[in-house]
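Chemist: Here are the chains, one letter per residue:
2 protein chains.
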Amino acid sequence: MDSDDPRQPLLGHRAGRSARRTLVKLCGLQSWRRRIPITVWLPNYKLEYLFRDLIAGITVGLTSIPQGIAYAMIAGLPAQVGLYSSIFPGLVYAIFSSCKDVTVGPTAILAALLAKYVAKSPDFAYLASMLTGFVILCLGVLQLGFLLDFISKPVISGFTTAAALQISAAQLKSLFRIAGASGDTFISAVINFITNIKTVQPWDTLLGFASIIVLLIMKRSHIKTSPTDNRWRVTVSNTWLYVIRARNALVVFVSLALAYILYRYGLTPFKLTGTIKGGLPRFGPPPFTTVVNNQTLSFGQMLGVFGAEGLAMPLVAILESIAIAKAFAGSNVVDSSQEMLAIGACNLVSSFAQSMPATGSFTRTALNHASGVITPAGSAFKACLVLLAVTLLAEAFYFIPRATLAGIIMVAMVSIIDLTIVKRLWTSSKSELCVWLLTVIVGCCVGLEYGIAAGAAVDAIRAAVSSARPHVHCEYFKINNYDCILMRLVGTLSYSSAEYVAKFVRSRALDTPTSRHVIIFDAALLRAIDFGVAENLTTAIVDLQKHEHTVFIWNLDPKLHGLFTDIHPDLNRTFVAGSSIESFIGLPSEQHSVNITT
Amino acid sequence: MDSDDPRQPLLGHRAGRSARRTLVKLCGLQSWRRRIPITVWLPNYKLEYLFRDLIAGITVGLTSIPQGIAYAMIAGLPAQVGLYSSIFPGLVYAIFSSCKDVTVGPTAILAALLAKYVAKSPDFAYLASMLTGFVILCLGVLQLGFLLDFISKPVISGFTTAAALQISAAQLKSLFRIAGASGDTFISAVINFITNIKTVQPWDTLLGFASIIVLLIMKRSHIKTSPTDNRWRVTVSNTWLYVIRARNALVVFVSLALAYILYRYGLTPFKLTGTIKGGLPRFGPPPFTTVVNNQTLSFGQMLGVFGAEGLAMPLVAILESIAIAKAFAGSNVVDSSQEMLAIGACNLVSSFAQSMPATGSFTRTALNHASGVITPAGSAFKACLVLLAVTLLAEAFYFIPRATLAGIIMVAMVSIIDLTIVKRLWTSSKSELCVWLLTVIVGCCVGLEYGIAAGAAVDAIRAAVSSARPHVHCEYFKINNYDCILMRLVGTLSYSSAEYVAKFVRSRALDTPTSRHVIIFDAALLRAIDFGVAENLTTAIVDLQKHEHTVFIWNLDPKLHGLFTDIHPDLNRTFVAGSSIESFIGLPSEQHSVNITT
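These protein sequence lines map, in sequence, to chains V and G.
Position one of the first sequence corresponds to residue -12 (this note's numbering), numbered consecutively onward.
Position one of the second sequence corresponds to residue -12 (this note's numbering), numbered consecutively onward.
Don't take every hint at face value.
Said to hold, decoys possible - Straight-line alpha carbon distances no greater than 30 Å define the calculated DSS-like cross-link-like pairs of lysine-lysine that follow:
(1) V:Lys546 to G:Lys465
(2) G:Lys103 to V:Lys533
(3) V:Lys410 to V:Lys206
Said to hold, decoys possible - Label pairs and their computed distance ranges (CB to CB):
(4) V:Leu298 to G:Thr407: 39 to 45 Å
(5) V:Leu298 to G:Ile428: 25 to 31 Å
(6) V:Cys421 to G:Glu569: 41 to 47 Å
If you're looking for bench data, these hints aren't it; they were derived computationally from the structure.
In this text, a Cβ means the ideal position worked out from N, Cα and C, and glycines have one as well.
Start from the sequences, fold in the hints, and give me the full structure.
Modeler: What follows is the structure, encoded as structure tokens:
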């Protein structure tokens, strides 16, 4: 330990040294290069990487196109916005990313969170992108990533489940082409579906379900190969693997072709995506004022519309991205700060190019990984492919049936629902299962942001209750004819446990039949104790001594001695150290304990 | 433990038994008698108690009269309200009280909290009394007293200090008889004093300071006696003790007499209390509507005026009363629930008799204790004395100079400021000192309620941070030529520590020069672990095993086995039990550990 080291420099020197170290870190080329990882990987780029990065880029790009259009649809934005959000974040991420696998772009959950603002004006989407980027960048620069520790696994899982349910329910409208609004929450979407169920259109429904079934079958249809197979079979298997990976694009292409052919024959049985404005976006800062219901909102008023719930977007963006990065990092450690800088930069930059908030996408990251990407260059290739599509193919996208996109979204959503955590929490921690359920229910009924807030609040209450009722391990035994009670105080005894600890100690010592005990507090693993707890414990100890019990405080950290002796100087005589209880218990008790009479 | 007992009844039986026990408790005469303690002490009342209870009642009553008038003045209410608040709560408390010493009545802090509502309309005072009683009663009935555990000692002390400063500063106006408002906060009161310093009136100032000096001198002027003294000296000493205890009444009486004599000579140099409406209060429910600025406020709007800050009154009332009860209980245990029922009933009942919120008063309780009270009958005698005063002497109270009352309040306030806690926190816990300071500063500058809220919030953050960074005790040693690392996991590992614990374990195991370790997690004192922590720890352990380390989890509670094996079934093989490390470390490692290859 530092504090026991006689060579430890004085505090002034230490502070100076620490400041110098920070300065060196800030100015050093190496630490700047670590913050811009492309300067590390690009100079070492090899030609053999190119092929694999390109294949991965194309595969992911073919999924990014339909998903981009679909997620823009979820947010209620023009389809090209979803594509722009795959392009520009993808390019920026290739520069700042420290994780080769993660693919950045619009995600269904962020789109769902954005929808209620876009319902007022699409301008909110571009501003949301900038603000999201700004908040994430701030968190990254100020090293506030530890705040995410306070969102527990059950809350994240519950939130994801609620989001998947809400997004799927909102797709029922497109899948069945029913009338009415898609709804802000799971409940309202389901209610809308039920009230408008008579307006179901058979052809859209048929196409939607056909898309879902094809996607589900393709997802599971791997051709197994063994080393004894001939070359032809291996080639077929590998080709099929690429087909499977591009299944989203394929389903979209087939239904697009179908819709186009029927259109040429004068039939339009499906609701189509409609005109997509192709070409490059309008570059420029996001709008800082907007018009809602003929009223001009200033920047301050737009911020007011986002409110505190608006913070859900940057929060969810980081949670998604870091969770994904960790899932694919294997045994590499993920640099959360760098990831925040990268995602923040992506959103900040792309808000200048008509993009919606973007973050790491689970499905596309998994695809990227499976396609064998080697460097973040894959992300850049993907962006280029989407850029080509939006400039050259925008007119063809007119014919993409909405029911197919709804099918793609629903299949993607089912895959992110993870129910194994429910089974695990059921067997191991019912209270955490309640947190999960609360997050899901509030998320589904009130809104996704409120689900996170409710879950995090209940988690905080759980933690507060458990710190107010710390476990004091208690043992009863006899040494040298003394009746001993050993109580172990461990960890940090927080202020809220003051009443409980003192009451516990009294009850254990005074409720036993023997009238005189030796009570030993083992404080070897006690790291910190708040003032109120020390004060109440001292009162209890003095009380025990009045009842003629002998009290020892064993192996208390010398740093904590002062706290107790300040409250009651005589407690000094109860402090004992040593490796075993026998070492001090044999001695005459007067040497250690003190009987206080009033 | 119950769960290991083969005779343990089935769950259904247990629930039934517990319900029956609750029913018996609710219906049993004994438990009802415990809730109405007068049914216990009154039948055993002895004549010899009467004299001592009567003396105590008179002594406390003589202080209650000037303090009641003074505290009504702090709240901005007519003087008789302060007296009524000593009478009716005192009578009700005698019925429900389990602590003989505590004296209930208006207190300076509650009056200060009430002042801003009374500034709108005095009707708020009576409604506040009813609501305060209702909230406290609910907390008592619902056994929610543990909520008070979350207000730490430093916050209570900081709040008391801020309240004493604010109340003293607000008295500067009366002490110096300056112009302007007394101010809602310490800062505004001091600013008002400085801006109006030219309006200081010399006679009031002189009388005020004279009162303060006399009170301070009397407080310290005990006549010491020794067993060898003659009877005369002992009698003088005892009589003087009664005089000292009635010093507040005495000072008021002398200045009242002075003001009256000067008035008879045509001089009115002092600002006087003015007309006090004597006699009994108007009995009836508190007003549920009121008129503020010619606008009628409904009950809902009155509740709106109290808002969430209004909850500070019941909170402070309980905190004061329970803290006082504990301070004078000696080694008796205070029944917090009973105390809440008593204080709740006092306020609820007295709100029907034009009273302001009341709670245990520190100065008068100390006086009651020092006067040798034997039963809560003392409280009833005090109430009767004040009742006599308000019916017979109300007209005389006209001449009490305000500067004298201000002096009495300031002396009382100085005595409740306790600065020893600052010294103790300075040496033992700087972060708690910051909480204390924050509570004082916010309390003085923004408002007392906000001081408590700020302090409690920072305490909660401190606790959250410490539960996110639990201490893992680490030891390195060699057994049978194995390099061992022992890590002790203790207490409850809460969800927020998930990242930290896993990172800590990895860094300790992987950053050491030796390449292969035996890593032992001592979980004997681990009581609970949240799902996220278990999951991350499991991932870290599997990673350590990949790096060819051998991992043991030692003495893990069997209840927690399932949590780990659910996440990774192979972890089952790392669980070991036994009294010493040697018992399992000598065995071939394959028997316990597992090397997982992917």
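Chemist: Decide, hint by hint, whether the structure agrees.
Modeler: We went through each hint and held it up to the structure:
no.	hint	in the structure
1	V:Lys546 to G:Lys465	holds (29 Å)
2	G:Lys103 to V:Lys533	violated (47 Å)
3	V:Lys410 to V:Lys206	holds (25 Å)
4	V:Leu298 to G:Thr407: 39 to 45 Å	holds (43 Å)
5	V:Leu298 to G:Ile428: 25 to 31 Å	holds (28 Å)
6	V:Cys421 to G:Glu569: 41 to 47 Å	holds (43 Å)
Comparing the model with each numbered hint stated earlier shows that hint 2 is the single one that does not hold.
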